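S.K.: From first to last, the protein sequence lines are chains Y and W.
In terms of our numbering, the first sequence is residues 1 to 189.
In terms of our numbering, the second sequence is residues 1 to 821.
Note that these hints are calculated values from the structure, not bench results.
Keep in mind that the hints are not guaranteed to be accurate.
[Claimed, not checked] Which residues of chain Y face chain W? A few of them, derived with a C-beta cut under 7 angstroms, are:
{"id": "1", "residue": "Leu13"}
{"id": "2", "residue": "Trp174"}
{"id": "3", "residue": "Thr176"}
{"id": "4", "residue": "Ala179"}
{"id": "5", "residue": "His183"}
Computed from a prediction, not measured in an experiment: that's the story for all the values here.
Cβ coordinates follow ideal geometry from the N, Cα and C atoms, glycine included.
Chain by chain, the residues run as shown.
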Amino acid sequence: MNDETGSSNLPKLLERWSRGDRSAFDALLTQLYDEIHAIAVRQLRWERRLTIRPTELVHELYLRMIGANAFQFQDRAHFLAMAARVTRQALVDEARRSRAEKRDGGTPVTLSDEHLGGLEAGFDALDVDALLTELHGFDTTVADVVSMRIFGGLSIDETAEALSLSVATVNRRWVTGKAWLAHELTRSL
Amino acid sequence: MSRQVDRAQAYGIFSAALELAPSQRAAYVSQCCGQDDLLQQTVDELLAIANADPRTIGVLRGEVEPALEDRTGWECGRFRLLELLGAGGMGAVYRAERTDGVPQVVAVKLLRGEISDARTERFLAEARILARMEHPAIAHLIDVGIREGAGWIAMEFVRGPSITDYCATQRLDTTARIRLLLTIADAISVAHRNLVVHRDIKPSNVLVAAEGHPKLIDFGIATALTTPTDVVVSDAVEFSRVFTPHYAAPEQVKGEPATVVTDVFGLGALAYRLLTGIEPFAQARSALSYLHAVLHQDVAPPSEVAYEAGMHISIVRRLRGDLDCILLKALARDPAKRYASIRDFADDLAAFLACRPVSAHVPSAGYRLAKFVRRRAPVVSLVALLAASVLTGAAFYGLQARAVAQARNVALRRGEFLEELLKSADPSEGRRDVTVAELLTTATATAERKFASEPLIEASMLGVIAQTQADLGRYGEAMVANNRQLDLLRQQDASALEIGRALSVRGLLLRAQGQWLESERVLKQALPAVRAHGSPEDMCFLLNMLGAAQSRTGEEVAAEATYKEEIRIASGAGPALRDQLMLAYGALSLLVGGEFGRYTEAETYAHGAWDIAQALLPADHPDRLIMENAYARALINVDREAEAEPLFRDAANAEDRVLGADHHDTLVTDLGLVEDLIELKRSPEAIDLALPLAHRIDRVLGADNGYALTAWFDYGTAACEMHQDQAGLNALRHVEEGRLRLLPPEHRLIHSVRSGIGICLTHLRRYAEAEPLLLAAASGLERARGAEFRPTQSAFRALRDLYTAMNEPDKAASWAAKVRS
Chain Y
1 MNDETGSSNL PKLLERWSRG DRSAFDALLT QLYDEIHAIA VRQLRWERRL
51 TIRPTELVHE LYLRMIGANA FQFQDRAHFL AMAARVTRQA LVDEARRSRA
101 EKRDGGTPVT LSDEHLGGLE AGFDALDVDA LLTELHGFDT TVADVVSMRI
151 FGGLSIDETA EALSLSVATV NRRWVTGKAW LAHELTRSL
Chain W
1 MSRQVDRAQA YGIFSAALEL APSQRAAYVS QCCGQDDLLQ QTVDELLAIA
51 NADPRTIGVL RGEVEPALED RTGWECGRFR LLELLGAGGM GAVYRAERTD
101 GVPQVVAVKL LRGEISDART ERFLAEARIL ARMEHPAIAH LIDVGIREGA
151 GWIAMEFVRG PSITDYCATQ RLDTTARIRL LLTIADAISV AHRNLVVHRD
201 IKPSNVLVAA EGHPKLIDFG IATALTTPTD VVVSDAVEFS RVFTPHYAAP
251 EQVKGEPATV VTDVFGLGAL AYRLLTGIEP FAQARSALSY LHAVLHQDVA
301 PPSEVAYEAG MHISIVRRLR GDLDCILLKA LARDPAKRYA SIRDFADDLA
351 AFLACRPVSA HVPSAGYRLA KFVRRRAPVV SLVALLAASV LTGAAFYGLQ
401 ARAVAQARNV ALRRGEFLEE LLKSADPSEG RRDVTVAELL TTATATAERK
451 FASEPLIEAS MLGVIAQTQA DLGRYGEAMV ANNRQLDLLR QQDASALEIG
501 RALSVRGLLL RAQGQWLESE RVLKQALPAV RAHGSPEDMC FLLNMLGAAQ
551 SRTGEEVAAE ATYKEEIRIA SGAGPALRDQ LMLAYGALSL LVGGEFGRYT
601 EAETYAHGAW DIAQALLPAD HPDRLIMENA YARALINVDR EAEAEPLFRD
651 AANAEDRVLG ADHHDTLVTD LGLVEDLIEL KRSPEAIDLA LPLAHRIDRV
701 LGADNGYALT AWFDYGTAAC EMHQDQAGLN ALRHVEEGRL RLLPPEHRLI
751 HSVRSGIGIC LTHLRRYAEA EPLLLAAASG LERARGAEFR PTQSAFRALR
801 DLYTAMNEPD KAASWAAKVR S
């Protein structure tokens, strides 16, 4: 992807979006997707990482956007929520690609994060994605909370803001979802 | 195993159970699960995980992070790992012992990640650098090696709490905390000289061993430097983007190379935490919000943070000014704006402890002067100084009245003069020990030498010096300058107006020294010329001081007329003199309230003054604070004491910050707060404030001073209220003596203090002594100010209580009848 034009477009798109231009939203998602995907690919292939820390991805994305200047977070929580979405998609795509490339299953794209209390281990991104998709069928809110925390590195407060929920509610949903995920993931280990 | 379990059902029961109170969950779950044991087991497991401390969900740790596995029992070189002490982003730390029986306990850090053969050399080379460092405050490196691809480092084992815990349990004061920081700074600079950057300075990496020796641990992620500013990032360990929120510098967060100034930031953050109790950007609770904050926001000034956190005011005061500047410089977002080295940072901290000028300040005339004064003389006020250099620019010399060219010349010369004067005090020029005496001697000498042939300019400079000295509270020296200025003006046949203005300044100086009669005389002398030739502003300035002098010399009625003339002139001059109008209203409020007992009227004036102040002046402006104080006093007198307290506190705090603790205005506001607390019957708090305040005023203004006596009066009154009668009595006797020296014998303030003494004596059951005192005080006060005057009322109450205690109910009732409800 073209790093230069990509980054320079983002501030304009963000600004249009924040002014209520819905058409900018899709363009923004695509753009963010490319950015995140590029970062993830670089980490996995060039830096030969085994484990992706989604928070780091979002941090790096954030830093790139600062680099592209004129970047003001009017609506940081929503931006992060969006970043979480594209991160999840990019990682899943990359994991599928990697798996397809190596017929034997290859190296899984694993997730890890220091800040997720208890969920800091490496888990296959595809497993997590599948579990979250299933969880979405049981309980939309819980799935959204977990997704944002895990793929976007959003704090409890930020998640609450992005989903327009109270902090207490997000806390409860996070405990619920994290326990579910932990249970299901360790069961398969 | 649970393939047969309906996952949706299990989730549903689990999430519903979590919404219940813990005590109700078991019953609910077993009811829902019925006979389905597998379902029951699954839900129980889920609840167990949900209830567990996140850190104990060890099962969740996958296999990709081998360093985090517990390696207790492992042997690394000569050492056997005994116990896991902690784990972090970089690896895990164990307590370990020698395997060869030599009694030695060490800490072994097992690094996360694998070190390939190619990197082994590099890793060992770095270790050798670490081993080179010898400093009592560095936990020294003992051995290093690689086992199964994982690097390990054996270090001195430090027994002791983290520096934050140590400071808290030992209740160390600011000075002691700074001394610890200086030791650590010394250690870090030794590391820097060895081309090692610590990169992770934070409380948990500074332990305090026995006898209070701090030890910096964990140079594990330190990076070897090739030159002091150029870093070769180690690739022995992968640590990109691992950072400690609240301590990591912006460049670390961005993944940029760390340099010596990264440690300046780290030490700055540690200092911030130790001195304020709060971490930088404490509001940023997640790593991402810290990242955002550290890249976009400036650190809040330590004194503000400490104040908001409710730290003791003495700590806040200590932080304000130099320490604020030092820490903010260390924590600058832009590495280039920080101290260039740890040494420079430490030098400033040491300079602060020694009360020498620090380099962190924005160089300003006021600061330099202020610093010397704080060291050598009691009174100082940075803002007053800055204000002085602006004020003196035009206000008192009426430059508009002279030829424009000459005015420009005077202004220019004054600018050069000040600049040259203050240069001699610039710490950056290496002269760190200039005293005030030196500075002002220089000033006077320079003025004489430079302007010998230009006496009017010399007079102007002397005016600057007089003003500056006055603002520093050095009234004696100010008077010397003012005298010479007046001599010069008279010799040179300067205009009557100019002499009148110099006399106005003289009146100000005398007033500030409590020489009210002399002040009044001088001001009256200046009045005709100023009234004839001066601007409305000159006139208001003079009348305001004259009114104040008259209020204090028993000419209260004349004072009221003076203030009202000032109000007339100020109102007539339109918006330009609204500030004078404000001052006049404020003064008039104090006069009619404090002297005449016309409390409602006083509240109206004070309210007016406070309204103007809020509309006209920025929040911290000294005059605005005086009005806030005046309004608060007026509120006490209309029985709105509770509303007054926050105003007093706000004003006192701002004055303390803006003018300094020892400034006249701050002291007066503090006095007001004490009186408010007495009215609010919060005597213990009042005593706590009053006693140090009285001593402070004695020290700053001299003991035979109206303010000092008022402070002792307040202390004595509060002490009696608390039945600390002997202490109270002593204080009040001291006030009585002082007032007898300073005031005419029938002055109401003498009656007031005698009334207080009578109350104390009543408490001490010395009724025979109390009775005549109280009777004389009550009648004297009633004669002077009427029965409704608050001190009169207080004397009436005292007599009621006295006769009640003496068991004379009839007399008690007759005094009780005079007490208004």
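S.K.: It remains to establish, for every hint, whether it holds in the given structure.
M.R.: Going through the hints against the structure:
1. Interface restraint check for Leu13 of chain Y: the shortest CB-CB distance to chain W comes to about 20 angstroms, outside 7 angstroms, so the restraint is violated.
2. At a threshold of 7 angstroms, the smallest CB-CB gap from Trp174 of chain Y to chain W is about 10 angstroms, leaving the interface hint violated.
3. About 5 angstroms separates the beta-carbon of Thr176 of chain Y from the nearest beta-carbon of chain W, less than 7 angstroms, and the hint is met.
4. Evaluation of the Ala179 of chain Y hint against chain W yields a held restraint, the C-beta minimum of about 4 angstroms falling below 7 angstroms.
5. About 5 angstroms separates the beta-carbon of His183 of chain Y from the nearest beta-carbon of chain W, less than 7 angstroms, and the hint is met.
The structure fails to meet hints 1, 2 from the earlier list, while all remaining hints are met.
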